[in-house]
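Residue numbers (full-length UniProt numbering), protein chains in the order written: chain A, 1 to 375; chain B, 1 to 223; chain C, 1 to 236; chain D, 1 to 305.
The hints are simulated quantities; they were obtained by calculation from the structure and are not laboratory data. What you are looking at is a predicted structure, and each value in this text was computed from that prediction instead of being measured. What you were told as hints is all true, and nothing was included just to trick you.
Straight-line alpha carbon distances no greater than 30 Å define the calculated DSS-like cross-link-like pairs of lysine-lysine that follow:
1. K130/D to K110/D
2. K110/D to K250/D
3. K130/D to K197/A
4. K171/B to K33/C
5. K79/A to K63/B
6. K267/D to K13/D
7. K13/D to K221/C
8. K33/C to K210/B
9. K178/C to K218/B
10. K33/C to K203/B
11. K112/C to K3/D
12. K218/B to K221/C
13. K218/B to K39/D
14. K63/B to K351/A
15. K205/A to K53/A
16. K226/D to K13/D
17. K157/A to K63/B
To give an idea of the chain D side of the interface with chain C (calculated C-beta under 10 Å), a few residues:
18. I5
19. E6
20. I7
21. T9
22. S10
23. E11
24. F14
25. L15
26. A18
27. R20
28. L23
29. S25
30. D26
31. P89
32. Q90
Beta carbons: idealized from backbone N, C-alpha and C, even for Gly.
So you can see what is in the structure, the chains are spelled out below.
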Amino acid sequence: MSKAVEVRPMTFYPEVLARIAPDLSMQRHLSLGLRPSLRASEEFRNVEISDGKLSCASKETVNRSGNNILGSNVLKCGKTMIVTSITGGVVEENVPVEQDDEEPALENSDADRASQFGCIYPVVEVECGRAGAPTDEEMTLSQRIYNCFLHSGLLSKEALKVSVGVKSTNADGQASIQYPDEKDSTDLAKSFKPRRKWTYVLYAKIQVFSRDGPLFELCWNSLIYALQTTQLPRAFVDERTTDLKIPVSMRGRSAAIRETFDILCDPVKFQPLKLNAENISFASNFAVIELDPEAQLPKDDDDMQVDSPTSVLLADIQGEAEEASVSSIVSVVTGTAGNMKHFKAIGGDSKITLDMIKKSIKLAKLRSSDLEGKS
Amino acid sequence: MLFAQTGVLELVDGSCKLQCGETTVMCSVTGPIEPKARQELPAQLALEIVVRPCRGVPSTREKLLEDQVRGVVTPVLARYLYPRQLAQLCFQILESGEPEELYSSKELSACINAAFLALVDAGIGIQASFASVCLSILEDGQRLLVNPSQAELIESRSTHVLALQLAAGAKKVENLLLLESYGDFDEQTLLQVLQTGEEACVKTALELRKVIEQKLQKDFVWR
Amino acid sequence: MSTMILPGDEFHLESRENVLLGPGAYCDPRNQKVQPVTAGFEVVTETKKNVSVHVEHNSKRYIPAVGDLVVGLITGSFSDSYRVSLSNFSTPVTLSYMAFPNASKKNRPSLKVGDLVYARVCKADKELEAEVECVDSSTGKDAGFGLLEGGTIAEVSLAFCRELTFNGDYPLLSLLAKNAQFEVAIGINGKVWFKCDDIRHTMACYRSITECEHRTQSEHKSIISKHFKTLLNSVP
Amino acid sequence: MAKEIEISTSEAKFLIEALRQGLRSDSRKFEETRDVGIKFGKDYGDVTVTMGKTKVHCRISCNIAQPYEDRPFEGLFFISTETSPMAGPQFENGNNTGEDEVLCSRIIEKAVRRSGALDVEGLCIVAGSKCWAVRADVHFLNCDGGFIDVSCIAVMCGLLHFRKPDVTISGEQVTIHPVEEREPVPLGVLHVPICVTFSFFNPEDAEENIKGESNNEICLLDATLKEELLRDGTLTVTLNKNREVVQVSKAGGLPMDALTLMDCCHKAFKITETLTDQINEELKLDAESRNKYAALLSSENARVS
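Pulled out of the complex, with its shape left as it was, chain A reads as follows:
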């Protein structure tokens, strides 16, 4: 009845095909032995870093006033740029069970591992031109970085304790600040034992520009670099701090509210943040994808029929085609000496075999030593 409609095969440019049918474009590339990001299957992207001279404690004297960034890092990996800035605060610890300073904290003996380590509060922002509430991805990234950092044991609680200095103004009104652990400090400073304890709190703001694939590994590496440049300001309390007792009476109840003077940060003196160097670790991600027989390009019959492997391990996923068509992901955070901090494997639709896991751990170690060399 209607004349035969001849159907011409539609052809698309590679990037357009990557967006319309990511898994088809992926399989086509794999059948040629390539991958959409045109890197070898186990080749990582190059990473360049700099501390971006953002932090107020960086070597060049960045103008001090108003710059409260303690450590920073700018990481460029492929198309993606990540800017991490570390800020901090001082918080009074309401010590649950009272301890004198000398005898070590009895209550949390070394057994209770996780609560010995300090943590950092990361906030990840993926800049995609849309302001508004954090998306699910940003929230899961921040929480995953928080969990991984806490359990990696990179930062012990001792490193965050504030050793309080004292500011004394001698006769001619000229003020000087001494710190107990400094060599030239007077005995007054050494004898100054504050009853209240303060700790530093660290926040990390991780901004991602031009997102181009899984982000957890890049954010983690950038955070580690930033922490290595972090300097904590010294803090002191004025000698004449008198806890002002303000009598307050309210509805027949009267009590003296203790108005306490807060601790001040020394704008000049900084001390580097002590990290447990052996726990420094870097992240890398891998994906397992199975070759779909039907989607292979028609092989020209002259090349010999090599039995192509059924599934391929790709390192460092990049680009929309790869990220959309892959569902089995392996993410490894490891130090150079093979001491792993975090390992995540999601089964997805293809099979993750044991030797895939071994191979990815081996590659992750190589990547980690390469990244460590950079800092």
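Using the hints, position chains B, C and D against chain A.
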């Protein structure tokens, strides 16, 4: 070790209450129902997962748990059976059984097992059985514990959550669904975790299977 | 009952050629393997030509399938069709104005929002909206379809409804009939509509059906007599 | 609530007609409430309350916080009643602006927090700087009507059952003793408010009642979900054991005769009494089961030489 019962709620299609060690989780499944416009997927079943903590308001910690459960459940669901439909999975943690600010592995493992029972209770198509187990390695690095108690968990060097897809009457391991490890461990420990975890998962799957047998007895009581 | 089966187990199917898939069985497009997707009891029926396999399982959420007789609730009316809900929160189905006996462009059916209809599912593929019809397409007559006036609905599980419909000698309905005359329309979507002339009878039937679903067959007789006794002789 | 439970007109007519003849679908009388099940969990302050099929879980927790500047002598007390799709698909996750959810959390807020059921001044540790922040999280597990009544009972049971760690203050030093070291301390609960919800049905059609001759509305107690969807008016009265009215909420709906308000309160008081006794009974049972060994070791029993 694991106590569970299905069909505990009325208005939802499938539900279960599961207690594993000191962690108690209640899971409810509703679906396939009509999705909201923004949730609809053209060819497959959309998943809405909600995790609510036992204390306080849901935060990013629960958002990460939702993402992990989604990663486990999505490949197992027969998604293409219900195009443009929605399934709602709700988890209410009744007892966390671990210090919430530091750990979430026991809750994750309990949520995965509860999800399996609730999905089966609701009759939504799943392609294979799956089970999950939480492991931890003690401070001295040798002893590996399956489903550790709160005290053991605190003293452990590393904590692992393993979820496996099982076939042939929960005897044969088909595929690794999730392996999430935090803490200090090396490759050799990880392989040992995988090995011991496999046996523990098979044992858990058999326990889940018994719970389902009770459910089937209850379902056809009127016959 | 035949053997219990869970997702992930194997069907006991020796011959591989044309297997008819019933509910609960799914053929994975990638590896063409037939596998169970719900937990229940495996039922394999061999006939000369082919093998049919399905999993007998019980659930609450109804998924439309062609040929099912269902009780629907009219939730909206449009220019050419009604919107009918088969179960709460599920995607609504359409009942076109033409799907009535001796329907024509002019005389539109007289159903309002909130009415109950007894209908048959005529189109139900998963991607599109399902369609129901209130006319027996072969004979053109209403064959019991159409508006269900008054009475009430008991919501029960799907397997229980199938049992009431297809298993003729299931005692429940006959036991009820001894105590009250009633009109009944059983929807495979888990909704049993029934109407007696007196409110107390209807209430007694409602309570008996909802309770019998959770009790063994032996107790049905005592449950029904208990309900009818409490309701009928407690004259206000 | 975006999605609704739809009810057919014939079902509605049937229920109303049954009510007119004094029948309810679960064979209860009008003034009869469903039996209340209270089950305490392992930890202090963990309670699951069921009323018929409606099931609610409440969890009480506490931590150290800074009191508000304008109230330096008082601790903090929060109640969160968030519904999730687990209670029923008609509840949307995270969006609590539905009319019923707002009404429920407002009434619980007025009944428990505003009425001073919990002695917040007892929560103060160091005036102006440290105090206890008590938090009650109500999780709705299954919804078959009566959410307000069940969550009020759940919060009160939780508060009565909860124990917070013991604290000693020496001058500026605040020591919080872990539970293993010192027996935890109960909260100061001043009175036990119990909410009772009445549902009103107008058997005749609307116009006739506006003229007011026949005001024989039907008044039900503790409505199930179906009855809640079909009711024309609702009244929630909160009383405590010493016969004081804590709060009354009549949010629109069918206007009712003023005198019925009084006998609703009387009916509610009877229920409050039985429920308060049941709560105390359950608490005693739980206390005994918790330290059944204490009875053996307690100093009162005779010294065995």
